[in-house]
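Asks: The task is simple: from the sequences and hints, build the whole structure.
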Amino acid sequence: MEMATASWQYGTMPSPPAVPLLIRCVNALTLNPSAFAWLFAPKLTSLGFSLRTTFASLLALAIAFWMELDQPQWAAMTVWIVAQGTRGESISKGRWRVVGTLAGVASAMALVSMAPQQPWLFFPLLAAWVGLCTALGTLVNNFRSYAFVLTAYTCAIVAISAVDAQDQIFDIAVSRGTYILLGVICEMVVAAIFIPNVAAGAQKAIRSQLREIISRSSGAVRAILLRQSPRESDLHEIFSLALTLNDRMEFSAIEVGRNEPLVRSARAVLGQVTRLTSRGVGMRSRLAATGDVPNGISQKILTDVAAFFERLPEELDHAVAPQSLRQDVWTLQKRCQAGIESTLAPTEAEKKTALNDRIVLQGLALLLGELEHLLGCYAGDMRETTLSARFRLVRPPDWGATFANGIRSALAVLLGAIIWEVTAWSYGALFVTFVAVVCARFASFSNPVIASRNFLFGAVWAVALSIIPVFLVMPVTADYPVLCLAVGVPMIIGGLAARNPAIAALAASFANFFPYMISPKNHFRTDEIHWFNTSLALLAGLGFGVLVFRYILPFSLPAFISNFRAHVIRSLHRIAEDSRRIGEPAWVGFIVRNMEQLIANGRGLAPPEMDGLLKGAFSAMTMGRNLMQLRHSSTDVRMPSQAQLVLTHMFEALSPSSRSVSAMTAPVERTLDALFQIEKTAMGVGREQVTMALGCLIIVRMELRYRNLLLDPDYIADLKAWS
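Going by our numbering, the letters in the sequence shown line up with residues 74 to 796, in that order.
To be clear, the hints were calculated from the coordinates, so they are not data collected in a lab.
Even glycine gets a Cβ: it sits at the ideal position worked out from N, Cα and C.
Errors might be hidden in some of the hints.
Claimed, not checked - Only pairs whose alpha carbons sit at most 30 Å apart, straight line, appear in this in silico DSS-like list of lysine-lysine: (1) K407 - K753; (2) K116 - K373; (3) K407 - K373; (4) K373 - K753.
As the list claims (entries may be wrong) - Computed spacing ranges between beta-carbons, pair by pair: (5) T708 - L117: 54 to 62 Å; (6) L620 - Q239: 25 to 33 Å; (7) E414 - N215: 26 to 34 Å; (8) P189 - K116: 32 to 40 Å.
Replies: Below, the structure written as structure tokens:
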């Protein structure tokens with residue numbers, strides 16, 4: 074039973090209508106005329122993409138005809154597969170497609186030579202290879218992942234194509250490689266002609282993206298300082314956007330030059346944005362723990378820092394803004410330090426207020442420190458960029474998904490082969506090929522069921538629209554310009570749809586398979602029987618892939634949340650044992666990656682549940698970062714030896730593995746009591762360091778007291794019972 078049904082049973086949300094996705098999409102388009110704006114009033118950039126890609130595709134097809142290649146449609150397909158919104162993406166995907174294709178054809182030749190005339194040795198070997206490549210593709214990002222999955226299904230395409238002609242495997246492999254190289258070259262040449270001045274445009278885009286994310290982060294931090302915390306989903310969007318832009322810097326580096334200082338600076342800025350936002354989330358807990366201090370020293374500075382964050386986005390556009398803003402940050406930091414020093418020797422009546430003021434001011438100082446580093450990186454200060462390089466964002470590998478994706482893809486190929494063997498279908502080889510394609514291609518997606526389903530729907534449209542050129546145009550003329558007219562219009566429409574986010578996935582599938590369904594040849598045309606069997610094999614293979622994702626090792630939301638919870642608890646104890654075992658970028662990347670997975674697959678959850686889980690994830694992130702800060706403070710020579718000993722005992726108590734976070738509460742409470750006593754007698758810098766430790770530990774205690782839905786074992790048990 075899915076979570077949507079469970080939530081409906083318990084009264085948390087209405088049951089969703091059981092209407093197929095395709096019918097809902099058609100109804101939406103029918104009832105909402107503005108949904109056709111992408112077609113009747115497209116953006117110039119979308120129109121340019123569609124026209125140049127269509128031209129490149131038809132050019133590749135013409136050259137393939139001229140070379141008398143046996144399957145020229147693959148050259149046209151490659152153009153659409155490689156074409157992306159930016160030159161950096163297209164070049165990167167083209168490079169990795171070539172790499173994946175070469176690796177795939179080489180592995181296919183090796184595989185066929187290892188098992189000649191031995192189908193039930195050949196298919197397990199092919200399944201194992203497809204599973205291995207799919208698993209490896211899950212461990213890497215961007216188009217490196219695409220190269221692995223391309224290796225998997227290129228091997229399947231070439232090897233299965235040679236099942237009945239194993240002595241021709243080399244010719245088939247060379248032919249396959251020729252299609253790919255031709256398509257990649259045509260796309261790159263046409264794009265280079267029609268997209269001039271790429272470097273300048275890339276630099277402008279980078280600056281615009283950085284201003285956007287800095288504005289979002291500063292707005293969220295300002296709201297927190299004014300005790301008006303934004304929604305958890307809004308905070309998650311900042312981290313997710315930073316991670317996405319960091320991934321895209323690989324493409325920007327291609328456009329502006331890999332050694333361009335702007336790219337290194339941008340990566341550092343994105344890392345600092347996440348640190349700044351994390352500090353803001355921690356500041357939320359710090360303010361909640363200390364309470365409102367209306368007459369305290371910290372209140373005026375708090376208001377001024379919030380005002381600075383309010384004007385920060387607008388002033389970033391000015392040429393001298395970063396340096397001027399850094400000067401303002403330094404001034405605020407000096408005020409914070411002066412306020413901290415003024416609270417180190419309070420009168421008896423001021424002691425409680427002074428401690429809370431000092432905790433707040435130290436949090437503000439840490440926040441401003443992150444902001445100062447961020448502005449330095451934004452200004453292109455190479456010293457700041459170098460110092461911040463160790464905080465670059467990373468996506469930690471997901472070993473559970475890696476194992477599941479590999480096993481699932483291998484089983485899918487074996488099941489497809491069994492179906493072919495049992496049915497003896499003459500187009501069974503094509504069926505198994507498309508099973509391998511869809512299972513390898515979408516295994517690493519956040520929600521492979523939806524992604525593969527859109528892929529299937531796009532293929533349905535490709536089959537339907539191929540009827541016009543196959544049955545009405547190609548039988549009456551062999552003139553290539555007429556063929557271009559018949560297939561060019563659907564390609565242009567598909568290109569425009571591919572630039573519309575609402576239907577981009579479906580449109581990409583249509584653009585990929587439309588040339589395939591036409592199957593133009595030099596010396597004969599596709600007949601009705603061949604077209605029908607090819608269509609059936611294509612749709613059956615893609616549909617089988619959807620079923621594989623749905624029923625073989627499917628994504629389970631309760632299991633995912635349970636594993637997420639267990640990993641968080643283990644990681645918190647590992648941080649307490651030795652914070653160097655888990656770096657801050659890896660910790661933030663792990664939390665954000667799992668939040669993305671939760672949002673992508675948790676559509677059946679009621680909004681309060683989703684918000685609670687996201688808040689729990691941020692709570693875990695905050696606890697981890699503050700434990701890291703505590704571990705660092707405990708080794709500071711300025712920390713009183715008595716406080717160092719207390720913290721050491723606490724970390725020893727937190728280090729053993731535990732199945733819940735409740736075991737952390739008692740050591741934290743004891744340590745806080747001890748540090749409060751030490752703070753009363755400490756002097757000068759030592760007192761300041763003890764207060765820093767108190768601030769971090771108060772935040773940890775605050776998060777432990779809060780009912781964390783993600784870490785609540787009762788909620789996990791209920792979730793499993795509902796499913």
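Asks: Does each hint fit the structure? Answer for all of them.
Replies: Hint check results:
no.: 1; hint: K407 - K753; result: holds, 25 Å
no.: 2; hint: K116 - K373; result: violated, 48 Å
no.: 3; hint: K407 - K373; result: holds, 14 Å
no.: 4; hint: K373 - K753; result: holds, 25 Å
no.: 5; hint: T708 - L117: 54 to 62 Å; result: holds, 58 Å
no.: 6; hint: L620 - Q239: 25 to 33 Å; result: holds, 31 Å
no.: 7; hint: E414 - N215: 26 to 34 Å; result: violated, 48 Å
no.: 8; hint: P189 - K116: 32 to 40 Å; result: violated, 54 Å
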